[in-house]
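Using the hints, build the complex out of the two chains.
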Amino acid sequence: MHELMISQLSVAHGADKVLKDVNLRIDPGQIGCLLGPSGCGKTTLLRSIAGLQAVQSGSVALEGTELTRPGFQVPPEKRHIGMVFQDFALFPHLTVAQNVGYGLRNLKASEREARVQALLSLVGLPDNGKRYPHQLSGGQQQRVALARALAPKPAVLLLDEPFSGLDVELRESLAREVRHILKSEGMTALMVTHNQNEAFAMADRVGVMQEGRLLQWDTPYNLYHEPHHAFIADFIGQGVLITGSVCDCHLVHTELGLLKAHLPLGSQPGEAVSVLVRPDDILHDDASDWQLEVVNRAFRGSHFLYTLKLPSDELVLCMSQSHHDHPIGTKIGIRLEMDHAVVFHHQRNFENEVVQDVTQQD
Amino acid sequence: MRFLRGLPGWGWLTLALIILMSTPLWVLFSFVFEPTNATWSHLSETLLPQYVANSIWLMLGVGVGTLLLGVPTAWFVSQYEFRGRQLFQWALLLPMAMPAYIIAYTYTGLLVFEGPVQSALREVVPLTMMRAFFPEIRSLGGAIVMFSLVLYPYVYLLSRAAFANHSQQAMDASRLLGAGPVRSFFQVALPMARPAIIAGLTLALMETLADFGTVEHFGVAAFTTGIYRTWTGFGDTVTTAHLSLLLLAFVLTLMAVELWSRRQARYFALSAPRPAAHLPRLRGRGAWLAVFWCSLPVVFGFLVPGGQLLYWAVATAETGLNAEFALLVWNSFYLALIAGLVVVALAVWMAYAKRLFPHPMVRGTTRVAMLGYAVPGTVLAVAVMIPFAWVDQQINAWVQTHFGVSVGLLLSGTLFALVFAYAFRFLSVALQTVDAGLQRIKPSMDESARMLGANATEILGRIHLPLLRTSLLTAFILVFVEVLKELPMTLILRPFDFNTLAVRAYEMAADERLADAGLPALLIVLTGILPVIYLSRLIGKSHA
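Top to bottom, those sequences are chains A and B.
With the first letter of the first sequence counted as 1, position 60 gets the number 60 in the working numbering; the numbers rise by one all the way through.
With the first letter of the second sequence counted as 1, position 349 gets the number 1349 in the working numbering; the numbers rise by one all the way through.
Just chain B, with the same shape it has in the complex (with noise of 0.2 Å):
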């Protein structure tokens, strides 16, 4: 083990966590030795060519949707000044405080034949025409649009960043050697910032696989809902391992294409960012077009679908807001608040070991930590189910013959696996926050303290605390959002009789109670906005 020498006591206590913590993935993966059982082959004739064939018409037609409403709206709002720019800026990422589930809800209630869309069409067409013509929202199509309308600012973000940042003396260049704007941006701007679409795409499109909550409720057979159903309908272990390594292999391909556009947009970046002064002003033609496609994703991914929760909120508050749901509402804030802060202090103590002790195998290690966010949340939830299951069996077998009581589920019947799990999905983005923060503290800050006389306690808390505190909460803020709209791990690992406002949200949907998930569902998107504003402010400082 020569790789390993010179890693010292506290690296191999790091090394010895990460791997503890991506047990359950261990675990998955050694199911590829399993073989196929009766279930398989009944699956593999049946659902499973719909599963495949859904994740990529799902895959192709979401990235054409991201792609239409993320690289324009960038484009506009990082090149050209027009009415309400600054105020697109933001808004245009408002959308990621609404879960994709909770929009599929909203344009259900909206859409359906009793809702108010249909009903107000009916007054003026006739009845035969609208059962024609009138499209379904429950089906693969409108998961589409659903997933489009929230996963577009992915594609945004980054190629805003992309557009802003080198692109802007690569086009003045291009127009001094005889280019107009169209063909500067077919030849220039758009090939350069192609890594960083790509990348915004490839995270849309995994947060698409990974998605439960929407294709459940619209009814379109995925992989997700394939093992929820083989999970909870069959108990099939091997079966629904394998459904999970299939879906993984799928994400992984994704996250190979994104960490290879990353390593292209390396070459692609000019080497001084120099923001325009003054952005050319759009004006007639030019000027409404800007409008109208920025307000497209605004207006349909975030005010229609929350004037709908809104409605819905104030519909029912009368009878909605109870004691039951002050107990969710605490429910929830308490775990995500619980995960939240295991998350930071995992993430603060990684950040450190890879700053302490730079030896390959810890920074190894912490990327697959990294991997977590990757791995969907269904295939996670079952992932941590079955050795936490196993072990609980083999404790209350050794208590049973032992003392001739029964403990119960520890680990997978309670809150604990639940966090782990958490943890696990969670803990990259707290941990790329808290590193961002923590490279910001030059090795020479902490050799200069060391110089004026400070020990590594007073270093830590005098110099490190303070300039990361900003980072430790924008981490603690992500998780807690993150824990609070996550659907699929909650409903499969909660403990009995848990609820949270997500779960019950689902559940009204579920049972067809769309008006009484409006509640729970508009609290999840108001506090969604949280990160929204915080993401905001960090593009108004970098156009500072």
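The following block holds chain A by itself, in its conformation from the complex (with noise of 0.2 Å):
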């Protein structure tokens, strides 16, 4: 059980910053995601701490041991840190109890395959040690893959989109399965994903990357309920932006009434301010006087996502039961149930773009 510890950590190729001053923690036995689009630099991160990519400035730190910092760097051989790659990365001239014992060579030989065959069963793949990895399944590489990064016991362990070459079904399932491991065996991990469910699927903490920077490190529940950013809102759940205005310093005052919120630092009174609303914020209610125009409307079989227009011509989200089937253009009924608001300085980005991405998915 180790503890990584990342601090203001910049890597740069030429004049172009591919991170800036990111900050992490994860604590021993916690298994952390980087989560964000391609090319926000999460990749670049994994490899910085692995020792495969070398850094400007700041340290990476595994139980208080400095791993790298300017000028001086552990060999990825030296680092203890193990690593489950995209591709897998399986070493395609060696059976598979080959490649689970290839960084075991301190061990004697009994030894070795004593931990093989242990690691072998634990990822379910008993019987398969003899054969080679091309004559394996996609989700069976995964598990070899897992099994070798896992075998020299290293310190943490890192995943590079572990999940991204599989088929969707075998996704979810796997990313349990794999987190179930992972903390039977108590190791510490860190893997990234530009996928939110196998994200939350997986881990405890989850960090979201813009450009290079951690724009926020914590629990699943609290990036989606009060994201610190509007590119957090937009990429984490659905949701659109309103305008609002600020009333006092716990309320601000939109479309949808007078909601309770957590103003962003340095707001004023009478200052415009967009104002988070998800599709569960938004209840459909039939017998609700409230009545909004349906101009879209998405069927995902379990529910209804329905886009309404606000007198001011904005748009918001709601979600309804199945069996309420209302055409476009009809008005429904809707109650809101929303605890605290989450309020953002005026955006103009992501205002309109949000309600087209919704309504264009579909």
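Note that these hints are calculated values from the structure, not bench results.
Be aware that a few hints might be false.
[Stated by the list, open to error] To give an idea of the chain B side of the interface with chain A (calculated C-beta under 8 Å), a few residues: (1) Q1169; (2) A1170; (3) D1172; (4) R1175; (5) L1176; (6) G1178; (7) A1179; (8) G1180; (9) V1188; (10) P1191; (11) M1192; (12) G1286; (13) L1535.
Since we're looking at a predicted model, the values are computed, not measured.
Beta carbons: idealized from backbone N, C-alpha and C, even for Gly.
Shown next as structure tokens:
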């Protein structure tokens, strides 16, 4: 059980800054996950921790021992960090057992064999030791890659988009299984993904990255309900930003009424702000007098996602039960179920775009 | 003939064409059943053991040589950043422009008793010591060095691609599992690149066995020189054919190894080749080693022999650049032009036959066409000569009895035989290029063009031709250059008194007038740089 600490880490490719002052801490036995669009620097961060990427400033420390600081790098083979690669990087010329045993050359042959067998059993492939990687399915290769990375008992395990090469149906079940294995081994782990379902299924702590910055490092619950940035509000889950104005230090005035809110620092009364409204904040209620026009709708099987128009022409999303089938152009009743509104300084960029994103999906 | 069912007319035509084109090969194979004669028994007691032994020594020596030059350079260039890496990446291909027989001439000129190296050494070292210790370049060992210097690019090219493509992630994985860089290289990168390295090696060895000019000049008794002697000296068809078949057996074994290793390579490719964004920089001793090792083949495989050629060319320019030389250049270039056009046309035909009629019979026969490149020029020339001479005899006899005149050698005595042989030997070069180009044109493009109202002619003219243009040009240039530097087939099959650059260089060298070989040889090498430029651009693209 080890603690991974990253402080003020920066990486640049030439003039191009790929990571900017990243700070994060993973407690022993915890599973962390970096989430973000492609090109946000999450894989670079993982490779910097592994020692496969030179860093410009900042440090990576494992259990208080520095692995990296400017001008000093512990080579990857001395770090005691394991990694599962995106395309698994199994050695094609070695059998499954030889792959798993590759990092165990310091053990005696009999001990090595026992450890390899134990790991193959752990990942559910006890009888596949003599086969070659190309004879296995994608999911099986993934398990072998995991077993191989776990074999030398690394202090920290890194996983780079570990499920991206697999079928969609396989991903979530395997993600749960991998979480179970990591937890049972008490492994400290950090995973990279662009898929929030995987992140939420696997991780205790999730960090959202954008353009080389780690915007928020928090629990999945907090990322969804209390995002610190409009970008996170957009990236995690669905929702729209509507315009509001600050009333006093606890309330904002919007077209949906006066909402209790945590205001961003430095907000002045009367200032225009953006308020995050999730589809689950607005519930459909046939009995309600509060009626809004349906401008678009998407049938999702278990529910309908309606796009409704406010009197000011701003759009909001509303979730309703699957059998409440209302055509476009009609008005439906709604009620608000919002505990605390999330408020940002006025955002121009996200306002309409979010609504378009949602409607274009269908 | 159930397997031929469903083959359309065009397919039949293709089939017939390929069978016709490969006649020489079938005729040659028919000699397996011919009993041996007195020349053969004489040969098998005297020279044959030498041919076999020399071939084996050549293959071993060139094998080691090309590996030593090709693999480390590929590793340095693909894995590390160091001063001159960009330059070396393509400069390491330059020796490909230097035909083995030409580099052999230059080193003979440099290292013989009267040459500049020995003359300079004699100033400081006593003559008796020189006699005892200075190696004779015109020897088996010399030939091995020459072949290694110009054939290692095959190993370099294929192993560089293997290292660059799939080793990076595996190397990272190995490092993170606690293996240092050296152990990672020997246990992961090298075994993973092994199929590619073996494929490159077999190509280099096939070229070694096919060579005629070098072993001839160095007086190394080899199959090709033996075949040439028995053919031109004894005029013994049966023994020539038997020697040819024996050499073919060596070549086919190599081909089988190559095929096997390519099949292995399929399993060895990881799914997503991702070039490392930033290669680690070599410093200090490591950087010096990389620069030294990469310079070695470039300097001795291209710069030194190229410099010698340039020196000879300048020295003989005044007397050598005359009308006769102009005729030589004209002959070579229009011959290469005709051959290039014929081969590209054939390649287009076959590539389309394969695409339009994916019938197993058509696929199988186009594969036969690919065999041509494996057949050594000397063997192919003899194999072409045998049936063509026979047909010519029949024609002459018929015309003689009916019209009382002689028409001469219509097939075997004209450029027809030569172009035919070139076409068979170099078809695979062109076919591979055209095939690759055609595969980029997805069938769905044809279908969508058709849905938009285009007919077959329009599809060809407005979609295929523009998309294929570069592939066709590339195929043409590759064949053009191959024909220009080809020696043994041209030597055996050329019409009487028809000279090319390669033949002139050979004749001058055979007369010990090495300096006079300089001008034609230099022109061949300069043209040979064209495909090198093309290849290096390909590499540049795959890195972008």
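Now the hints, each set against the structure:
{"no.": "1", "hint": "Q1169", "result": "holds (4 Å)"}
{"no.": "2", "hint": "A1170", "result": "holds (5 Å)"}
{"no.": "3", "hint": "D1172", "result": "holds (5 Å)"}
{"no.": "4", "hint": "R1175", "result": "holds (4 Å)"}
{"no.": "5", "hint": "L1176", "result": "holds (5 Å)"}
{"no.": "6", "hint": "G1178", "result": "holds (5 Å)"}
{"no.": "7", "hint": "A1179", "result": "holds (6 Å)"}
{"no.": "8", "hint": "G1180", "result": "holds (5 Å)"}
{"no.": "9", "hint": "V1188", "result": "holds (6 Å)"}
{"no.": "10", "hint": "P1191", "result": "holds (4 Å)"}
{"no.": "11", "hint": "M1192", "result": "holds (6 Å)"}
{"no.": "12", "hint": "G1286", "result": "violated (14 Å)"}
{"no.": "13", "hint": "L1535", "result": "violated (27 Å)"}
Checked against the numbered hints above, the structure violates hints 12, 13; every other hint is satisfied.
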